[in-house]
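Starting from the structure of chain Z, add chain U where the hints point.
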Amino acid sequence: MSTFTIARLTFFEAARRRILLAAFLLGIVFLLVFGIGFHYIMRNIESSFRGGPLELNEIRNFLLMAGLYVVNFLTVMMTVLTSVDTVSGEINSGTIHTLVSKPVRRWEVLMGKWLGFAGMLTLYLVLMVGGLIGYIYFRTGYSPPNPLQAFGLMWLNSMLLLSVSILGGTYFSTLANGVLVFGLFGVAFIGGWIEQIGSVLPNKAAAQAAANVGIITSLIMPTEALWRRAAHEVQSPLVASLGFSPFGTSTYPSNLMLLYALGYLLVALALALRHFSHRDL
Amino acid sequence: MNTDIPAIETKGLRKVFGDKVAVSDLTLTVERGEVFGFLGPNGAGKTTSVKMLLNLIMPTGGEGRLFGQPLSNPPVRSRVGFLPEHFRFHDWLTAREFLKLHADLYHMSHDISQRRIPELLDLVNLTPHSNKRLHEFSKGMLQRIGLAQALLNQPDLVILDEPTSGLDPVGRRLVRDIIRDLRALGTTVFLNSHLLSEVEITCDRVAFIKHGEVIRTSDLKSLVEGELSVEIRARNLTPQIIAELSRWSNNVRQDEEHLALTLMNESDLPEVNRFLVEQGVDVYAIRPEHVSLEDLFIQIVGTDGGL
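Line order of the protein sequences matches chains Z and U.
Position 263 of the first sequence, counted from 1, bears residue number 263 in my numbering, the numbering being contiguous throughout.
Position 125 of the second sequence, counted from 1, bears residue number 125 in my numbering, the numbering being contiguous throughout.
So here's chain Z without its partners, still in its complex pose (with noise of 0.2 Å):
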């Protein structure tokens, strides 16, 4: 199947490029990081804190926020840094044209190319995600609530804007599909950010303005809103009660965007295959 043959090209290519190797090495180089940090701050606080477990717990699911908060945003940058130059480049490289005058479908070219990324995002992300959990449990036997549905979201946030750059690439240049990805993903953050402080804003008034702009802009582009919610999966119940904090979330997406930010998904997918096949090469 022609699908998997180019999916396994990606992937390789990833890999022959060293991007795979950077973003891993980096990868790992972070959750040292992180685990070193944790290490002596836990230690420290362990040895003067008189509260119990539990507030020990909320401590340790603030930490571990704060590095999911990274591993979301490294996602997000290899996720588009990979894939924005994929169709473009190879359209303006010529390097297509010895792909496509096979006896395959341009669908499964470009199908092919979304499962190497696809499958490439999925191993980060389960390496990234599994180390900050599986490091933090192991060290304090703490595990956060609903890892496994943070897990799933960070990866469809990973697939959308994969959707998204993958069809950016059919129609624009590599530099412009760049732009209006990283464009689009900073009116998604910014509008959640501004949802987030609305939220505690003593003005009635104002505080709905506010998640109306987070509403708006989730409906531009789901990205922050899924970060958003795997945020609020993780979030011990009692952070959360505490309101506005820095990684976590005080309001969260229903389980509407959720699916909004499915569909979202398919159909950039959808239009990204349909207009590569009837396009000029």
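Calculated from the structure, these hints are not laboratory results.
Check before you lean on any hint, since a few could be wrong.
Cβ-Cβ distance ranges computed for the label pairs, FRET-style [as the list claims (entries may be wrong)]:
1. Z:Gly89 x U:Lys132: 21 to 27 Å
2. U:Lys139 x Z:Arg279: 47 to 53 Å
3. Z:Ile28 x U:Ser197: 56 to 62 Å
4. Z:Leu21 x U:Ser72: 38 to 44 Å
5. U:Gly12 x Z:Asn92: 42 to 48 Å
6. U:Lys139 x Z:Ala22: 53 to 59 Å
7. U:Arg176 x Z:Ala22: 30 to 36 Å
8. U:Lys139 x Z:Gly89: 19 to 25 Å
9. U:Gly61 x Z:His275: 47 to 53 Å
Built from N, CA and C at the ideal position, the CB exists for glycine as well.
Just chain U, lined up with the frame of chain Z:
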């Protein structure tokens, strides 16, 4: 397999980019086993035409078929090999990996590709470099691995888009030899080139394209076997001998010891020579010259380059 169906058949194939007409009317038929040259000045729409044949560019109008199948039908391309212009490939692959990738895209079984890949590496003299990555390859080597890629599936039709542009004589020679071998196998070859000498040596038939339109197709064999002009340098020529030459040529001109005449058939040449010698003429040189493809190209396409 029905061999009556042409390898390539297009009717009024047309491509418009915005308000620019790249190809206005591509109508041609390439029969099985032909080596077909596709000629035209730069910007005449040659590459756009080739890309339409391979479904890389969607035609705005008209229709085309390969082996009787519509151009948009992917399975028909399992019988086609294609060497694109510029030889841009995934250069982080080794030569062997590159051929394996394309064998997979041709849906070749593992056993067949394991047999074909070394054969082809050998054919294009790249066996010693089979584990080198393509980014270390020279342009000539890239062209060779590109050719190997186009021949993997033992295609019935090979489309070569400017296969020799920017290559040294050795590279051109290789393309020529491969085309000759393909012809011997009965493979149809569609050669897009602006190098007339190349086409003249290799092709059976040529199409001339200008302003995105096929303006003439002609048989190169008849061109070669037909009319030729002969220059003779000889002494002891008498007016009587000159007059007798009208038996073979109605166009004889003499300037001292230089004689120019036009023969309708190449086979007349030895007879003329024999006649001159028998009449006691001292012949120093006989130089026959065919109407060259270049003459024909200028005559058909014009000197404005179609621009």
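Taking the hints in turn, this is what the structure says about them:
Take Gly89 (chain Z) and Lys132 (chain U): their Cβ atoms lie about 23 Å apart, and the range 21 to 27 Å holds. Our hint of 47 to 53 Å for Lys139 (chain U) and Arg279 (chain Z) is violated, since their Cβ atoms are close to 29 Å apart. Ile28 (chain Z) and Ser197 (chain U) have their C-beta atoms about 60 Å apart, which keeps the hinted 56 to 62 Å range intact. Checked against the hint of 38 to 44 Å, the C-beta distance between Leu21 (chain Z) and Ser72 (chain U) comes to roughly 41 Å, which is consistent with it.
About 31 Å separates the C-beta atoms of Gly12 (chain U) and Asn92 (chain Z), a value inconsistent with the hinted range of 42 to 48 Å. Taken as a hint, the range 53 to 59 Å is violated for the pair Lys139 (chain U) and Ala22 (chain Z), whose Cβ atoms sit roughly 30 Å apart. Between Arg176 (chain U) and Ala22 (chain Z) the beta carbon distance is about 45 Å. The supplied range of 30 to 36 Å is therefore violated. Checked against the hint of 19 to 25 Å, the pair Lys139 (chain U) and Gly89 (chain Z) passes, with Cβ atoms roughly 21 Å apart.
Range check, Gly61 (chain U) to His275 (chain Z): Cβ separation about 21 Å, and the 47 to 53 Å hint is violated.
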